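Let's have the full structure, built from the sequences with the hints guiding it.
2 protein chains.
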Amino acid sequence: MPEETKRVELVWEGDLRFRGGEPGGPTVLVDASGVAAPGPMAALLLAAAACSAADVVHILGRMRVGLDELRVEAAGRRREQEPRRYLAVHLVYRLRGRGLDEAKARRAVELSIQRYCSVIHSLAPDIALTHELSLA
Amino acid sequence: MPEETKRVELVWEGDLRFRGGEPGGPTVLVDASGVAAPGPMAALLLAAAACSAADVVHILGRMRVGLDELRVEAAGRRREQEPRRYLAVHLVYRLRGRGLDEAKARRAVELSIQRYCSVIHSLAPDIALTHELSLA
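Read top to bottom, the protein sequences are chains A and B. Each residue of the first sequence is one higher than the one before, starting from 42 at the first, in the working numbering. Each residue of the second sequence is one higher than the one before, starting from 42 at the first, in the working numbering.
Some hints could be false.
[What the hints assert, rightly or not] One-sided and incomplete, this derived list gives chain A residues near chain B with beta-carbon spacing under 10 angstroms:
no.: 1; residue: R48
no.: 2; residue: V52
no.: 3; residue: G66
no.: 4; residue: L70
no.: 5; residue: A77
no.: 6; residue: M82
no.: 7; residue: A84
no.: 8; residue: G140
no.: 9; residue: A144
What the hints contain is simulated information worked out from the structure, not anything from laboratory work. For clarity, every value in this text was computed on a predicted model and none was experimentally measured. Heads up, the beta-carbon is just placed ideally off N, CA and C, and yes, glycines get one too.
Here it is as structure tokens:
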């Protein structure tokens, strides 16, 4: 398969705990009971938030912003019936940096969401995605 | 918001490393450079694999199968252009257990994929999802 294929392996460790990663690479734990590690639906939100946050770090670096702090809060509203998929996801970006103004922050976040973030673009398009920005 | 809302917080730790989890809960690292932890697109596959694997553990438990081993390998083919979203995902389920036969294994995996797995059902429906089963 061509190199644009991403592969992971996941191994059951008992109860509802699973450890996985790319072959030969670092691993993380996923705990569907949420005790030892975030569960799968939290891991999905974390993947989306980290994907977009990494874009924002890249884009602001190109804008020569000295980023001091970046936090992303994600909230996903789930369907009540099975499958308990997400119906809506809201992302709050909190940023602080030297040379950072609202226009630059907004541009970086919107470029990520609209054009670059491969996790967000892998989500079902009927998940209502909203976001807000907070500069400290 | 109602309790079916899942919340996570993600904090930038420098370079392309991010740590996050549910508020007050355990955290995991996501490293978009893939060095210290799986990156966001690997984390997305791990979330899908763990979600489905947890379903399989549950369903086989209800079938009174004594599961000894469960591994899930996931491969996701990405678009070459940005956004580098997934176009196709293939899941390989490897199972071993007492009282486990192919019909039970197939039923558990298909129930997860078709009815229960909330991560898989949050993915874009045009991602071609295929799977196979291997019993040891």
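Status of the hints after comparison with the structure:
1. Interface hint at R48 of chain A: satisfied, since its Cβ lies 5 angstroms from the closest Cβ of chain B, which is below the 10 angstroms cut-off.
2. Restraint check, V52 of chain A versus chain B: the minimum CB separation of about 5 angstroms is within 10 angstroms; hint holds.
3. At about 6 angstroms, the closest approach between the beta carbon of G66 of chain A and any beta carbon in chain B falls short of 10 angstroms, and the interface hint on this residue holds.
4. Nearest Cβ of chain B to the Cβ of L70 of chain A: about 7 angstroms, under the 10 angstroms cut. The hint holds.
5. This hint holds: A77 of chain A has a C-beta 6 angstroms from the nearest C-beta of chain B, less than the 10 angstroms allowed.
6. Contact between M82 of chain A and chain B, as hinted, is supported at the beta carbon level, the nearest pair being about 5 angstroms apart and thus within 10 angstroms.
7. Satisfaction of the interface hint for A84 of chain A is found here, the shortest Cβ-Cβ separation to chain B being roughly 4 angstroms, below the 10 angstroms cut-off.
8. Taking 10 angstroms as the C-beta cut-off, the interface hint given for G140 of chain A is violated, the closest approach to chain B being about 17 angstroms.
9. A least Cβ separation of about 21 angstroms between A144 of chain A and chain B goes past the 10 angstroms threshold, and the interface hint is therefore violated.
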